[in-house]
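A.B. asks: My request is simple: use the sequences and hints to build the entire structure.
Heads up: the sequence lines are chains A and B, in that order. For the first sequence, our numbering begins at 1495 and goes up steadily by one. For the second sequence, our numbering begins at 187 and goes up steadily by one.
Be aware that one or more of the hints could be misleading.
Quick list of in silico lysine to aspartate or glutamate cross-link-like pairs, DMTMM-like style, CA-CA up to 20 Å [said to hold, decoys possible]:
hint: 1; chain 1: A; residue 1: LYS1536; chain 2: B; residue 2: GLU293
hint: 2; chain 1: B; residue 1: LYS224; chain 2: A; residue 2: GLU1602
hint: 3; chain 1: A; residue 1: LYS1588; chain 2: B; residue 2: GLU230
hint: 4; chain 1: A; residue 1: LYS1551; chain 2: B; residue 2: GLU288
hint: 5; chain 1: A; residue 1: LYS1536; chain 2: B; residue 2: GLU210
hint: 6; chain 1: A; residue 1: LYS1499; chain 2: A; residue 2: ASP1525
It should be emphasised that the hints constitute simulated quantities derived from the structure, not laboratory data.
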Amino acid sequence: QQQVKQSPQSLIVQKGGISIINCAYENTAFDYFPWYQQFPGKGPALLIAIRPDVSEKKEGRFTISFNKSAKQFSLHIMDSQPGDSATYFCAASKGNQGGKLIFGQGTELSVKP
Amino acid sequence: DTEVTQTPKHLVMGMTNKKSLKCEQHMGHRAMYWYKQKAKKPPELMFVYSYEKLSINESVPSRFSPECPNSSLLNLHLHALQPEDSALYLCASSLSGSVTGELFFGEGSRLTVL
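C.D. replies: Following this line, the structure appears as structure tokens:
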């Protein structure tokens, strides 16, 4: 029940294309769903996050779509750029343990020029 | 200042050594965390300190000993580690440990145990 399942494990996209990464969760107590971006040799950095009271959140080229009934959420990267090449982790946490992030397994994104 | 600073960046130690990892933040955050990350894997939570008190220990072996001297500093003391403990150790902080919100991660300390 604590797991967050992420797919695909790796993704290759052409420059200008759309990158889509999907996550699914079981625990309905989760109330915060962030996406972290990690470059090699760096720590993860928050990219965008959503709470279950909204179905979509957009920040620049990055959009989270959230389906509460299906217990799924996804990250869309529009107009993907080579600089977006990184590992992306979805995560979830619940209110009384806000810092206890349950991470998905990660998606290694490569954007080809 | 939105940085979490970790030292050292790299550490090589033998199984009989004692060493410490250090973490510092000056964002006024009251929760600090240690995560462990193996290659091509997600970070795994080890410890949470909330208001300088240990609030979560994810059943971490006693050869890892956390310490929070004040609200800005977090240490991880290492003793008698095993080669399988080699990993990237990430420190993070957030406004509060009991409310969901952004975690700010440091760049990590890459530990190699020989």
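A.B. asks: Could you run down the list of hints and mark each one as holding or not?
C.D. replies: The hints, checked one at a time:
With a C-alpha separation of about 5 Å, the suggested pairing of LYS1536(A) with GLU293(B) holds against the 20 Å cut-off. The hinted pair formed by LYS224(B) and GLU1602(A) meets the criterion: a straight-line CA distance of about 15 Å does not exceed 20 Å. Distance hint between LYS1588(A) and GLU230(B) is fulfilled; the C-alpha atoms sit about 16 Å from each other, no more than 20 Å. Restraint check for LYS1551(A) and GLU288(B): the C-alpha separation of about 16 Å stays at or below 20 Å, so the hint holds.
Only pairs whose Cα atoms come within 20 Å are accepted, and LYS1536(A) paired with GLU210(B) is accepted, the gap being roughly 16 Å. For the proposed pair LYS1499(A) and ASP1525(A), the alpha carbon gap of about 16 Å is at most 20 Å, so the pair holds.
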